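Generate the whole structure from the sequences, applying the supplied hints.
Respectively, the protein sequence lines represent chains U and W.
Here the first sequence stands for residues 1 to 108, numbered as in our numbering.
Here the second sequence stands for residues 1001 to 1108, numbered as in our numbering.
Hints were generated in silico from the structure; no laboratory data involved.
Here are the simulated DSSO-like pairs of lysine-lysine, each with C-alpha atoms no more than 30 Å apart in a straight line:
no., chain 1, residue 1, chain 2, residue 2
1, U, K8, W, K1038
2, W, K1071, W, K1038
3, U, K19, W, K1038
4, W, K1071, U, K8
No experiment lies behind these values; they were computed from the predicted model shown.
Number of protein chains: 2
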Amino acid sequence: MMDLESAKNTAHDRSVIVKAMAHPTRLLVMDVLTQGEKCVNELTNLAGCDVTTLSKHLAVMRRAGLLQCEKRGVNVFYQIACPCFLEFFRCIDLIQTNQIHLKRCEAC
Amino acid sequence: MMDLESAKNTAHDRSVIVKAMAHPTRLLVMDVLTQGEKCVNELTNLAGCDVTTLSKHLAVMRRAGLLQCEKRGVNVFYQIACPCFLEFFRCIDLIQTNQIHLKRCEAC
DNA sequence: GCTTTCATTGGCAAAAATACCAAATATATC
DNA sequence: GATATATTTGGTATTTTTGCCAATGAAAGC
Chain U
1 MMDLESAKNT AHDRSVIVKA MAHPTRLLVM DVLTQGEKCV NELTNLAGCD VTTLSKHLAV
61 MRRAGLLQCE KRGVNVFYQI ACPCFLEFFR CIDLIQTNQI HLKRCEAC
Chain W
1001 MMDLESAKNT AHDRSVIVKA MAHPTRLLVM DVLTQGEKCV NELTNLAGCD VTTLSKHLAV
1061 MRRAGLLQCE KRGVNVFYQI ACPCFLEFFR CIDLIQTNQI HLKRCEAC
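If you want it as structure tokens, here you go:
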């Protein structure tokens, strides 16, 4: 690690990205998008919330660099911007597993 | 991915863990702890906030399974529960880099 | 051009998260 | 047992996030 000030700046920058994921709907969207791109309409149906709500979630994720979007016709298709999320999820799920079965880390 | 209901449950479970990280102070703590365990007092000095505030942050991270703690004497020492965070951070930092320099993922 | 469908934005009320103070608990020292 | 230090918990005011409605913008079909 570097000096404290740099570490704080880094932590702040990271928090913007982590916050953009810190919501069940957003994590669901990310999970769904690992299967391939989807338009807002499709994602809304899956998430089961208002379109405007989902659109705002998507905007936050897009601005944080988690998603990319492309407009084709009337539709806007969203996709994962960085495939390392799969690792990301793997790690999160592991933490949860550990949390349940004792307090040790088996696989990571 | 499985059926939608399962996916929603998974997303919810994941959100508990991701939310527990989604704060600059908490990410700073995690970063510091990659160097090794520290007691609440030390972490408070580094974070620069009230002890009670930090203690609550630590409690959230502990309950989410991110941290483990051990009491020795008057002190409570905290440590990372799962080393896969290093990968985690690597991924987050990559996203940020991508976000700045164009919209492509180079290394992941 | 009018209408329809898809998506985003503005605004605002409701819900959740945050941060501090005061108080309580626990351990060590005297 | 009284005191000092370290940490946690309860309570609460403040801030931030969320989610919907209403309105706007944009593309396609008629």
